[in-house]
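Participant: Okay, here's what each chain looks like letter by letter:
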Amino acid sequence: MAQIAHDDSDAVVIIGSGAGGGTLAHELTRRGIKVVLLEAGARQSLASFSQNPGEAFAQLTWLEPRTTSGSWTVREDYPGLPSWTCKTLGGTTVHWTGATPRIRPWELRARTTYGAIAGASLIDWPIEYAELERYYELAERRLLVTRRHGNPGLPASNHFKVMYNGAKRIGYKQVHTGYLAVNTRPADERGMCIQQGFCVQGCKTGAKWSTLYTEIPRAEATGNLDLRILSRALRIEHGEDGRVNGVVYRDENGRELRQRARLVCVACNSIETARLLLLSESARFPHGLANSSDQVGRNYCRHTAGFIWGVFDKPIHFWRGTTLAGIVEDETKHDPKRGFAGGYHLELAALDLPSLPVAGFPSTLWGRELGFLMDHYDRMAGMLINGEDLPRATNRITLDSTVKDGFALPVAHIHVDEHGNDAAMRAHAQQQGRAIYDAVGAVRTATSRQTPATHNMCAARMSKNPRDGVVDAYGRAHDVANLFISDGSALSTPGSANPTLTIVALALRQAEYIARELNARNL
Amino acid sequence: MSTMSPIPRRSFLAASGIVSGLLAAGGPLSLIAPSRAWALEMKTLTSSQGAALMSIARTIAPHDGLEDAAYALVVKAMDTAAAADDHVRAMVDSGLATLGGSFATQTEATRIAALKAVEKSAFFHFLRSSTLANLYSSAIAYAHFGYEGEAFSKGGYLTRGFNDLHWLPEVPLQDSGPGVGGG
Numbered sequence: 001m002a003q004i005a006h007d008d009s010d011a012v013v014i015i016g017s018g019a020g021g022g023t024l025a026h027e028l029t030r031r032g033i034k035v036v037l038l039e040a041g042a043r044q045s046l047a048s049f050s051q052n053p054g055e056a057f058a059q060l061t062w063l064e065p066r067t068t069s070g071s072w073t074v075r076e077d078y079p080g081l082p083s084w085t086c087k088t089l090g091g092t093t094v095h096w097t098g099a100t101p102r103i104r105p106w107e108l109r110a111r112t113t114y115g116a117i118a119g120a121s122l123i124d125w126p127i128e129y130a131e132l133e134r135y136y137e138l139a140e141r142r143l144l145v146t147r148r149h150g151n152p153g154l155p156a157s158n159h160f161k162v163m164y165n166g167a168k169r170i171g172y173k174q175v176h177t178g179y180l181a182v183n184t185r186p187a188d189e190r191g192m193c194i195q196q197g198f199c200v201q202g203c204k205t206g207a208k209w210s211t212l213y214t215e216i217p218r219a220e221a222t223g224n225l226d227l228r229i230l231s232r233a234l235r236i237e238h239g240e241d242g243r244v245n246g247v248v249y250r251d252e253n254g255r256e257l258r259q260r261a262r263l264v265c266v267a268c269n270s271i272e273t274a275r276l277l278l279l280s281e282s283a284r285f286p287h288g289l290a291n292s293s294d295q296v297g298r299n300y301c302r303h304t305a306g307f308i309w310g311v312f313d314k315p316i317h318f319w320r321g322t323t324l325a326g327i328v329e330d331e332t333k334h335d336p337k338r339g340f341a342g343g344y345h346l347e348l349a350a351l352d353l354p355s356l357p358v359a360g361f362p363s364t365l366w367g368r369e370l371g372f373l374m375d376h377y378d379r380m381a382g383m384l385i386n387g388e389d390l391p392r393a394t395n396r397i398t399l400d401s402t403v404k405d406g407f408a409l410p411v412a413h414i415h416v417d418e419h420g421n422d423a424a425m426r427a428h429a430q431q432q433g434r435a436i437y438d439a440v441g442a443v444r445t446a447t448s449r450q451t452p453a454t455h456n457m458c459a460a461r462m463s464k465n466p467r468d469g470v471v472d473a474y475g476r477a478h479d480v481a482n483l484f485i486s487d488g489s490a491l492s493t494p495g496s497a498n499p500t501l502t503i504v505a506l507a508l509r510q511a512e513y514i515a516r517e518l519n520a521r522n523l
Numbered sequence: 001m002s003t004m005s006p007i008p009r010r011s012f013l014a015a016s017g018i019v020s021g022l023l024a025a026g027g028p029l030s031l032i033a034p035s036r037a038w039a040l041e042m043k044t045l046t047s048s049q050g051a052a053l054m055s056i057a058r059t060i061a062p063h064d065g066l067e068d069a070a071y072a073l074v075v076k077a078m079d080t081a082a083a084a085d086d087h088v089r090a091m092v093d094s095g096l097a098t099l100g101g102s103f104a105t106q107t108e109a110t111r112i113a114a115l116k117a118v119e120k121s122a123f124f125h126f127l128r129s130s131t132l133a134n135l136y137s138s139a140i141a142y143a144h145f146g147y148e149g150e151a152f153s154k155g156g157y158l159t160r161g162f163n164d165l166h167w168l169p170e171v172p173l174q175d176s177g178p179g180v181g182g183g
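Residue numbers (my numbering), protein chains in the order written: chain G, 1 to 523; chain V, 1 to 183.
Same shape as in the complex, but just chain G (with noise of 0.2 Å):
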């Protein structure tokens, strides 16, 4: 590993080492690009990842203080975790299920395919999809994509027979066991799913892709990545040419470090890439970093998502299996017919027994209710809805001045006011759900409604017009020259897809770019 020194001119520095950090770090290493790579978290590997529920949690996520305001029922249902993300070395690739769905291409032109909704921020993205589709292969083939480019699908768990007998019997057509970064034999060095269901609390095989056992090692073997983990970035500053030339961050030791840098990519997973940018506040940036526009934390989205239970009177053990194999794509489609725009997928999901009552249920849910269904553990089906959630100017992520985190800065505040559509699409989406399950001979169906946000998006988007995001099609702050943006946040609009290819798509695009502009010495 290379050790590059604070005050090297010649650095590139990415805060950040999940989906999009990771690859972009091995992206530019292996380009010859010297890169500092910043990551909070501590390093776990398949060995050290916990198999007890609550450790593995402790262990892997971001839980420092973040408040909230708004009329989201989140608020009311998980006040303690309004987002699950990680603070991981691999960042969220060290928890996520797997799900690989691509973007539609309608999708990418929200604005122009849904029209003019009220209390929306609809843009169409400045990308079109068939450059897009050049990236999503590239990033299939590299995390080994089942039911893509010649690579099978995962075989069809108890859990999922049930979603897919009922999604074809009430006319569901593409009903399959998933696009999941997920091996189903040993490839790439990484391990085969042995169907553990313990993919969320880290994959002990390595067959889910992870930046952790992929990405970063293999940039650590060019001799061209410093890694600094436990190491939190505080602000990034600039020179009086507005171009920005170091990270200041805390080591594990205390100490406050700053990292000379030719240039920065920020990829916190959005909440933390926008506080970071409002933190980076100067004479020159007064309303943060990159953040002329006003845009910098606006739009923030999170997918409408949510639970969907069935319980039946024979066993499931739905604990067993990949937890995310299984996917209705029918629903991904704009017809607004159905009541709203946009579309969703839905993807099974089961979750261990200490986790369904803390994260399955509303709050409203307790006593005999709550009683009979955790009675039918071994006899359950679950499912998540994956929508497209509309944009909105005021949900939003700011600074709270009043709730200071471990380095007494301001933690991030988070407002959402869900608009109409996100919640018309999900209770379309409960319903066909619940019908799933009555289709094969569901006792009782039961639903959360909008679960913690794994997939944080759009706080720093991309767009053709510098007034209505913060970066260009390549993740270059409209505003800073050698400024990027390299993860969820850059999304122009969240379409129905899991976000994480989208991210690594995205990444090994901006990759080349920043390495054919360094080399032409344009950055």
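Don't take each hint at face value.
[As the list claims (entries may be wrong)] Keeping only pairs whose Cα atoms sit at most 30 Å apart, straight-line, the calculated DSSO-like set for lysine-lysine is: (1) 173/G - 314/G; (2) 464/G - 333/G; (3) 173/G - 333/G; (4) 76/V - 120/V; (5) 404/G - 120/V; (6) 154/V - 314/G.
If you are wondering where the hints come from, they were derived from the structure by calculation, not from laboratory data.
For chain G, the structure is supplied; the task is to place chain V on it using the hints.
Facilitator: Coordinates of chain V only, in the frame set by chain G:
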């Protein structure tokens, strides 16, 4: 500036209570435990508070066949939280006082009505979240609900029943994938 630090109220309360019981004969734990008798010695709450909290946990998450020892772990977590934070301790004291001293001996319908009346309070949130976070994570709960837990140490569920459901038709290969050892 005062150099006095407030002395936690709990240091004045010598009496901490005990919740105790017997493991069900033939239950999962009685087979391995050295004794069927169990006792939870609390750090700060009284015995009657412990009994009330146990009854509350059973009202919030009722499982008639699940033994008291599982619910005692919920009470233990609540007691630990109260011992660590005077605000929690005060909330539990006043919350239980509001519910009344005879809560644990009331009918379930009465207990539900009493909890419904405080459902929006921080106290109830504490009760519900503590119950759900602690009732289902013990070995007793795993055994009771039939949850098999982690399987990495046993080679996963790949050859241990991940696809042993036969009350519905199988999924065609085109929509699933090759099975164990398949190519």
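Participant: Taking only the CA atoms, is the gap from residue 173/G to residue 333/G under or equal to 30 Å?
Facilitator: holds, 13 Å
Participant: If you draw a straight line from the CA of residue 76/V to the CA of residue 120/V, is it 30 Å or shorter?
Facilitator: This hinted pair holds, its Cα atoms lying about 24 Å apart.
Participant: Is the straight-line distance between the alpha-carbon of residue 173/G and that of residue 314/G 30 Å or less?
Facilitator: Since the Cα atoms of residue 173/G and residue 314/G sit roughly 26 Å apart, the hinted pair holds (cutoff 30 Å).
Participant: Taking 30 Å as the top limit, are the C-alpha atoms of residue 464/G and residue 333/G close enough?
Facilitator: Since the Cα atoms of residue 464/G and residue 333/G sit roughly 25 Å apart, the hinted pair holds (cutoff 30 Å).
Participant: Within 30 Å, alpha carbon to alpha carbon, are residue 404/G and residue 120/V?
Facilitator: Holds, at about 27 Å.
Participant: Straight-line Cα separation of residue 154/V and residue 314/G no greater than 30 Å?
Facilitator: holds, 25 Å
In the structure shown, no violation is registered for any of the earlier numbered hints.
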